[in-house]
Amino acid sequence: MSDPVLVAQNIGMSFGGFVALKNVSVSFARGKLTAVIGPNGAGKSTFFNVISGALTPTAGQISFDGRDITGTPPHLFARMGIAKSFQITNVFPELTARENVRVAAQALSERFQLFRNRDSYGALIDKADALLTLVGLGARRFNRARELAHGEQRSLEIAMALAADPKLLLLDEPTAGMSPEETREMMNLIARLAEQRTIVLVEHKMKLVMGLAEHLVVLHHGELLAQGSSDDIRNNDEVKRVYLGQGAVAVGGRA
Amino acid sequence: MTSIDLTAPRDQPHWLDVASRYRVALTLAFLVIFPWITPYEALAVNILVLGLYALGFNLVFGYTGLLSFGHAAFLGTGAYGCGIAIVSYKIGWFGAILIGTASATLLGVVMGFLAIRTRGIYFAMVTLALSMCVYYAFYQMQSLTGGENGLRGVNLQTISVLGVSLPFINPTVKYYVILAFVAVAIWLFSRILASPFGAVLEAIRENEERARACGYDVARTKLVAFIISGAFCGLAGALNAIHLSIVPIETLHYTTSGQVVMMSLLGGMGTFFGPFVGAAAFLLIEDVLAMLTSHWQLFVGIIFIVFVLFFPRGIWGSLLQWAERK
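Keeping their order, the protein sequence lines are chains A and B.
All residue numbers for the first sequence refer to the working numbering, where the first residue is 186 and numbers rise by one.
All residue numbers for the second sequence refer to the working numbering, where the first residue is -16 and numbers rise by one.
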């Protein structure tokens, strides 16, 4: 892994007396889809919040493109090129789908422009429409976000994350709460996006990412349990042990 | 994502969208004929000025989602700034209005800086506490502000506009002079709402965490909105000072902060024209009820509760919603 985009070194995170992460070191390769998996309570969400800037780790260091970014305020993460989608649907409910993406795209350039009309930035609107089409919401762009189905809102969120032209896209359980069909569509979308982008995907359901992710990172009880290719992980005895009874390892294959 | 497309791009825009595009012109057209449909002109001026106060408040409350309980400080500082400039420093009326507005803007910087990092009920409490500080500061500066008696003598018999002398004492002249300022404010306000910055405010109101994740500096954006809101409310205060010829100390009282919350909720928060509807409704209810009963405040309270419970969008907001469905 010669050119990592994001490096987490010896990350520790404790909340009061509770240790959520202990000495986790992971490098995320540029241009690849990396999945972070682990059973419930493994520390996946905490780890996601640390690498996406929502939490500042209590120990260790995060570097992005070779720069130490530990402790940078969350709103600057997006401007540096790290975009995320949330585990819980997180959109602007009363705004149209197009406005959701447009305002996300606008954050790169026009944050304190008070006098021009927002409609005069045609490039931002075109970009929003293109991204909505990419995630399959082209026809829904005039609907308010709250009128969209759950799966559509998750897709909208991904379009919003992409609007920042991220160098790194972080997805936190993008299929949580989805129907099987929605899950399939979402995983197809992620596979398409992964062709050209660097993606880190945090996922509870191991079978979804087996075969799709080029690199897997397994967390357990806040510690790094294993990492490697799908085959490495599938054949790892430690991983089998912690996932035992969940029937996830045996399934494998492409989602 | 089905094949049935219920939501194809709208070829024919809804008439409300068209109306919204011309919201400044429509609002001004209404305000120009407004004094002809009110029972007396002083009421029209009151509604105009308090409408502007509610408009400025609406920027933080309706569009950014911040409930401030201290906006009386801006109305009062604008009024005292303008009044003191005229009474104590003999500054011309136009300069005095600018001074009043600038003072309130400056206060917005200070109050915003102290309050903006708090949220929800804490923001309301901090702004309330700061506005009480402002109240006592003006109360204590008796030589300048007249203290308890209020600032008297902001009398403008005639004003000179580009060399032409106008009888400001004439209610019709007064209305249209004040409307000229309100018109500029409404136009500016509309531009700000339509700007990319206005889009960020809405995004923050809708989902602060998401706006931050998009890369927006939420605290700074809120601060700028708070300052701009203070400027608009300060202008309303300055205009109120020359309208009433006096600045009552009650202008700074926290009940004045409560009034603007009521006007916003009555009119419809987050709507462009709602503040004027709210100001008109509030003043009319007050006028009519005060004629009928000395316990009018009780009934204002009941009406207010009915609105919060059953018409949270307010009068104008509910009308818009009804029209949208048609």
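If you are wondering where the hints come from, they were derived from the structure by calculation, not from laboratory data.
For glycine and all other residues, C-beta sits at the position ideal for the given N, C-alpha and C.
Each hint should be verified, as a subset may be incorrect.
Stated by the list, open to error - With a straight-line Cα cutoff of 25 Å, these simulated SDA-like cross-link-like pairs (lysine to any residue) come out:
no., chain 1, residue 1, chain 2, residue 2
1, A, Lys217, A, Ala334
2, B, Lys73, B, Thr141
3, A, Lys390, A, Leu410
4, B, Lys309, A, Pro278
5, B, Lys73, B, Tyr5
6, B, Lys309, A, Phe327
7, B, Lys309, A, Arg331
8, A, Lys352, B, Asp200
9, A, Lys352, A, Ala376
10, B, Lys309, A, Ala324
11, B, Lys309, A, Thr281
12, B, Lys309, A, Glu408
13, A, Lys352, B, Glu191
14, B, Lys309, A, His389
15, A, Lys217, A, Pro351
16, A, Lys352, B, Glu192
17, B, Lys309, A, Asn328
18, A, Lys425, A, His389
19, A, Lys217, A, Leu378
20, A, Lys217, A, Ser199
21, A, Lys207, A, Arg331
22, B, Lys309, A, Gly256
As the list claims (entries may be wrong) - Pair by pair, the computed Cβ-Cβ distance ranges are:
no., chain 1, residue 1, chain 2, residue 2, range
23, B, Asn153, A, Asp311, 47 to 57 Å
24, B, Arg4, A, Asn225, 17 to 27 Å
25, B, Ile74, A, Phe327, 17 to 27 Å
Claimed, not checked - Here are a few chain A residues that sit away from chain B, every Cβ distance over 12 Å (derived from the structure):
no., residue
26, Val211
27, Ala214
28, Ala239
Consistency of the hints with the structure:
1. Lys217(A) with Ala334(A): Violated, at about 30 Å.
2. Lys73(B) with Thr141(B): Given pair Lys73(B), Thr141(B) holds - Cα atoms ~14 Å apart, limit 25 Å.
3. Lys390(A) with Leu410(A): OK: Lys390(A) and Leu410(A) at ~16 Å, within 25 Å.
4. Lys309(B) with Pro278(A): The given pair, whose Cα atoms are some 22 Å apart, holds under the 25 Å limit.
5. Lys73(B) with Tyr5(B): violated, 40 Å
6. Lys309(B) with Phe327(A): holds, 18 Å
7. Lys309(B) with Arg331(A): Holds, at about 20 Å.
8. Lys352(A) with Asp200(B): holds, 20 Å
9. Lys352(A) with Ala376(A): holds, 17 Å
10. Lys309(B) with Ala324(A): holds, 23 Å
11. Lys309(B) with Thr281(A): Measuring from Cα to Cα gives roughly 20 Å; hence the hint holds.
12. Lys309(B) with Glu408(A): Between Lys309(B) and Glu408(A) the Cα gap is close to 58 Å, so the pair fails against 25 Å, i.e. violated.
13. Lys352(A) with Glu191(B): Cα-Cα ~23 Å, so holds.
14. Lys309(B) with His389(A): Outside the cut-off at roughly 46 Å; violated.
15. Lys217(A) with Pro351(A): The given pair, whose Cα atoms are some 14 Å apart, holds under the 25 Å limit.
16. Lys352(A) with Glu192(B): holds, 21 Å
17. Lys309(B) with Asn328(A): holds, 17 Å
18. Lys425(A) with His389(A): Distance of about 15 Å is within 25 Å: holds.
19. Lys217(A) with Leu378(A): OK: Lys217(A) and Leu378(A) at ~11 Å, within 25 Å.
20. Lys217(A) with Ser199(A): violated, 29 Å
21. Lys207(A) with Arg331(A): violated, 39 Å
22. Lys309(B) with Gly256(A): Measuring from Cα to Cα gives roughly 51 Å; hence the hint is violated.
23. Asn153(B) with Asp311(A): 47 to 57 Å: Given about 54 Å between the Cβ atoms, the range holds.
24. Arg4(B) with Asn225(A): 17 to 27 Å: With a Cβ separation near 52 Å, Arg4(B) and Asn225(A) fall outside 17 to 27 Å, so the hint is violated.
25. Ile74(B) with Phe327(A): 17 to 27 Å: Violated - the Cβ-Cβ distance for Ile74(B) and Phe327(A), about 52 Å, lies outside 17 to 27 Å.
26. Val211: Holds, because the least Cβ-Cβ distance between Val211(A) and chain B comes to about 22 Å, which exceeds 12 Å.
27. Ala214: holds, 24 Å
28. Ala239: violated, 8 Å
The earlier numbered hints that this structure contradicts are 1, 5, 12, 14, 20, 21, 22, 24, 25, 28.
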